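Q: Here is how the chains run, residue by residue.
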Amino acid sequence: MNATTTHPSNTRNDVVAGVESSCRLPLMVLFISALSWLLLATVFGLIASLKFHMPQFLAGTPNLTYGRVTALQADCALYGFGLQAGMAFILWLFVRLGRTPVASSLMLTIAASFFNFAITLGVVGVFCGDSTGFQNFEFPPYAAWTMWISYIVMGVIAILTYSNRDEQQTYPSQWFGLTSLFWFAWICATALLLLLEHPVRGVVQSSINWWYVHNLHTIVLGFTGLAAIFYFIPKLLGRQLFSRQLALFAFWTLALFGSWGAVPNGAPLPEWIPAMSTVGIVLTAIPIIAIVLNIWQTIRGHHERLDSSWPLKFTYVGLMFWVIASVQLIVGAVPSVSSLTDFTWFTVAQKNLWVYGFFALTMFGAMYYALPRVMGIEWPSPAMIKAHFWLTFLGVVLSYIALLVGGIAQGYLLTNPQNSFAVILKTTLMAVRVSTLGDLLLVVGQFAGLLNLVLLAVRAAGRELKISKS
Amino acid sequence: MSQNDKQNLRRDNEPSAGNSSVPMWLVLLVGLFFYWGAMYLDQNAGGFNSKVYHPFGNYEEVDAAQPKDANAQLIADGKRVFNSTCSLCHQPHGMGEVGKAPPLVGSEWVLAPKPDRIIRVVLDGLQGPINVKGTEWNLAMASWKGTFNDHQIAAVLSYIRNNWDNKAPAVTEEQVKAIRAKEKARTQPWTAQDLQPIAER
Amino acid sequence: MNFGPFVFIGVFCTMIISWATFVFGPQVQIGGVQPELTVPAGDTYPIYRTGAEKRGLDVYRVNNCAACHTQQVRPAGLGPDLMRGWGMRQRYSVAEDYLYDYPVMLGTQRVGPDLANVGARLDRQIILNHLYDARNERLPGFVRGSVMPPYPFLFKKQKIDRTPSPDALPVVTEAGYEIVPTSDAQALASYVASLRQTVYIFEVPPPASDKPITMRPATNSPATPMPAK
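Chains as they are written, first to last, in numbering that gives the first Met the number 0: chain A, 0 to 469; chain B, 0 to 200; chain C, 0 to 228.
This is chain A alone, in the form it adopts within the complex:
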C-alpha cells in the first residue's frame, strides 16, 4: 500500500541523519528564539495579570499600560513563538518525511534572523505607542511588512524543501503544514493591505480583523499543531494512522469551515455576517469528530503506551486541549450562550488554552523529539523536560479553569442590571487571582524549557568547536 522504499533500513537511517543535519542551524535559531519570545510573552502576561491586584502597579510608565502589555503578550506568543516554532516544526517535518535536505539552510537562517528583527521592531513599536489598534495585529506597518516578507522567504524555502522531496508519498501532516504556510501568507497580506495600507472604511476593518485573528488561531496555528498530532501520535506509538481518507476529510472540512471568522453575535455588522460565522464554527464539529475518531482508532488498545515518552505526552495532552478549546469555541458561538459569554473572560480562557495549551504543547513535543535527533545530542536535563511539562500543564489548566468559571460567572452577573459593574468585578477578581498563579507557573515552566534548550545549544556548539580543533 505504501510506496516501496528503495533504501534498506540501515542505510536509510544514515541518510535521514545526514539529511536532518542540514537543518541544524535554522532549527536551533528558530526554536531558541521561539522559546525566548514565549518566555517574554508569559512575563508580559504575568505583568498584565498583576495589574488586576494592584492597578497602580507600573502605572506611572506609559509604555507599560495594561493595554499595551496584554497586546504584547498576545503578539509575542502568536508571532514570536507561534510562527517560529511552527516554521521550525514544519521545516523539520518536510525534511524528515521528504528525505531531502533543507533547500537553503543559510537563506533560512538569515530569514529567521530578519523575522526576529521584525518582531523586535514590532514589540518596541507597540511599546513606544506605535500600535495599529487592531487586535492581535498591533505591530506597526514597518514591522509587520518585515515580518511578512521574512515569513514568505522562510515559507518558500520550506515549500521548496517539500517539493524537492525524495519520498513522493505524502502523509497527512504534510498537507496540514503546507496549508498553514499558505494561509498565513494570505491572511497577513490581506490584513496588511486592507487594514494598514489601503484601509477599508468603518466596521469592515473589524470584520477583517476578526477574520484574521480567527484564521491565525484555527488555521495557521491549528493546522501546525494538528500536523504534529497526526505525525507524533502514530509514530511514537509505532502504529499506523487509522485512516488517510478520514484525515483528508477532516483536513478539507476544517479548512473550509474553520476559516469562517469568529464575528461575535450582535456585532455592529449586518446580521448575516455573524450568522455565517456561527454556522462555520458550529460546522467545525464535523472535523473535530473526524480527527478524534481517527486518533482514537489509532491509539485504541495502546493507551498504556501514551506516557512512554515525553514528546508523546506533550502531543497527546496538546490534542486534548485542542478538543476542549475547539468545543468551547463551538459552544461560545451559539447565540444563547454568546449573549452571556462574549466579551468576558470565557473567550480569553479559550484563546489562552489554544495558544499555550494546545499549540505550545504540541510544538514542545515536536521540539523535544526533533532536536536531539537533528543535533545528535541528548537533552542535557530530563528533569527540566519534566518540569517544563508539568509547570506548563498546571499553569494552563489553572488559568483556564479560573478564567472559564470567572467568565461564566461574569456573564451571568452582567445579565442582571441590578448588579453594579464594580460588584461583578469583585467576583471575577477571584478568578483572575487564581489565573495569576497559573501565569506564574507558566513563566517558570518556560524558563525551564528555554534553559534546557540553551544548554543543549551550548553543548552542540562545544562539540562543533572540538571537531574543528581536532
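Read the hints as simulated data drawn from the structure, not as lab findings.
Quantities reported herein were computed from a predicted structural model and do not represent experimental measurements.
For every residue, glycine included, the Cβ atom is placed at its ideal position computed from N, Cα and C.
Do not take every clue at face value.
Claimed, not checked - So the derived label-pair ranges between C-beta atoms look like this:
1. B:D41 with C:F23: 19 to 29 Å
2. A:V291 with C:V170: 32 to 42 Å
3. A:S307 with B:P54: 54 to 64 Å
4. A:A184 with B:D41: 27 to 37 Å
5. C:K156 with B:P54: 22 to 32 Å
6. A:C127 with C:R88: 37 to 47 Å
7. C:F152 with B:D164: 54 to 64 Å
8. C:F23 with B:M38: 38 to 48 Å
9. C:C12 with A:V291: 24 to 34 Å
10. B:A177 with C:R88: 34 to 44 Å
11. C:L36 with B:A75: 13 to 23 Å
12. C:R88 with B:Q42: 51 to 61 Å
13. A:V291 with C:F23: 26 to 36 Å
As the list claims (entries may be wrong) - Coverage of chain A stretches by chain C, computed from C-beta distances (three or more under 8 Å per stretch; other residues unrestricted):
14. 55-62
15. 67-81
16. 205-213
17. 342-350
18. 414-424
What the hints assert, rightly or not - Which residues of chain C face chain A? A few of them, derived with a C-beta cut under 7 Å, are:
19. G30
20. L105
21. G144
22. A174
Using the hints, position chains B and C against chain A.
A: Only chains B and C this time, still in chain A's reference frame:
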C-alpha cells in the same frame, strides 16, 4: 503485530496512513449539519441584506418598523390615483410631455405654499395659456370634480407635492371639501388669469 | 501520488470562500456606506470627528484602551448590553456608527463598561477624573473597587500661579501645586465624550412605543459621588 504495523516499522518508523474509509454515519452527520446550517441562515441571516440587524428577520420588517409619517397613508393613496389617471399626461416621472401636460416636478403651481389654486385646477380643470417654470403652455386639462372624492384629490395632491424632488405641505381633505363647496357654481375650466386673484401663500 | 498541486488548488479555493465571505462580501455591502439621515429628525449621521476628538482616538489606540473597553452595544436578545443602560433605548450599534473611525476599535473584552454611548452617560470632567484615578474618593464620579489603572502620565503637577487653573482636578498632592490634565488627557477625554450613539437611523429605527425616549441612568458608577470637599 499486524501486517501493516510491520510494514510501517520497516519504513524507518515513519508513520503511514491506513485505508479505512470515512464512516457512513459521519457523512450523514455532515448532511444533518448542513441542513441545520441552512435553516439557521434562513432564520438568522436577515436575507443577507446589509440593512438588517438582529431583532429583524428581513428587510421588510425593518422597513415596516420605520416611524410612521402622519401623511404616509394619504400619500400612498395618492400614488395609486396618480398612477392610474394623472400619469397618462403628466407622465410617471412627473416631468410632463410636450403636447400633453406641463411638468409637476419643481412647478411653482404645484409647490405653492397654499394649495388653493391647484385644488381648483384639479376640481374644475384648466385651459388656455399658462406659464410653468418659465415656459408657456397652452393645453387643456379635464375636470375631475365628478370622478374623485375629496380624499382622493387631497391624496393625489399630497403625493405630487411630496414625490420626486418636490417638498411641500400635504393637502388635507378639509381643504378640498371647503373649496369644492365654495366653487360649486363653476362649470367652466379655470384659466391662468382666473386663478391670479387666489392667494398663493 | 503527488498531492502537492491538488492541495494547493483546493486550499486556495477554501481560502477564497472564507475571504469572500468575511473580507470581500462585507466590503462590497457596507464598505461604501454613505452617511445616512437620522429618523425621524432627518439630520446627517454620523458626524466627522475633528481636532481634539480625532487626536484623542490616537491616544485611545496607543494605550490600547480597547483591551478592557468595548465600543459595541448588542441588540436585545443577544446580550444584556441595552438592559445595563450601555445604549439608548433599543439603540444597538450598527455599521454607520463607525463610518469615519480609523482604526475601528470595537474591543473584545469588558473588564470595564462598554463605551459605545459613554458620551451620553458621563460628562467630560468625570472621564478626566477616571483617567487620573478612578478610585480616588475625592474625585466626583469615582467608582469604589474599580480596577481601572490610574494614568498619572496623562497629568502634570504644576505650581499654582496666583489663580488655580480652571482645568485643575480637585485633588491636592502638595500644597501650592495643582494637578492639570495634559493635552493628551484632554484629547482622550474629548474623544471618549464624543462617543455617542443617540440617534436612530434606518437600520435601527426608534422603538414603536409611544413612551418618550429617555436615557436610563448610568449603571457603571454605582457609588453615589460624594461631594468633593
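Q: Next step is simple, just say for each hint if it's right about the structure.
A: Each hint tested on the structure:
no., hint, verdict
1, B:D41 with C:F23: 19 to 29 Å, "23 Å, holds"
2, A:V291 with C:V170: 32 to 42 Å, "59 Å, violated"
3, A:S307 with B:P54: 54 to 64 Å, "56 Å, holds"
4, A:A184 with B:D41: 27 to 37 Å, "36 Å, holds"
5, C:K156 with B:P54: 22 to 32 Å, "50 Å, violated"
6, A:C127 with C:R88: 37 to 47 Å, "43 Å, holds"
7, C:F152 with B:D164: 54 to 64 Å, "55 Å, holds"
8, C:F23 with B:M38: 38 to 48 Å, "25 Å, violated"
9, C:C12 with A:V291: 24 to 34 Å, "26 Å, holds"
10, B:A177 with C:R88: 34 to 44 Å, "42 Å, holds"
11, C:L36 with B:A75: 13 to 23 Å, "20 Å, holds"
12, C:R88 with B:Q42: 51 to 61 Å, "26 Å, violated"
13, A:V291 with C:F23: 26 to 36 Å, "33 Å, holds"
14, 55-62, "holds (count 6)"
15, 67-81, "holds (count 3)"
16, 205-213, "holds (count 5)"
17, 342-350, "holds (count 5)"
18, 414-424, "holds (count 8)"
19, G30, "5 Å, holds"
20, L105, "5 Å, holds"
21, G144, "4 Å, holds"
22, A174, "22 Å, violated"
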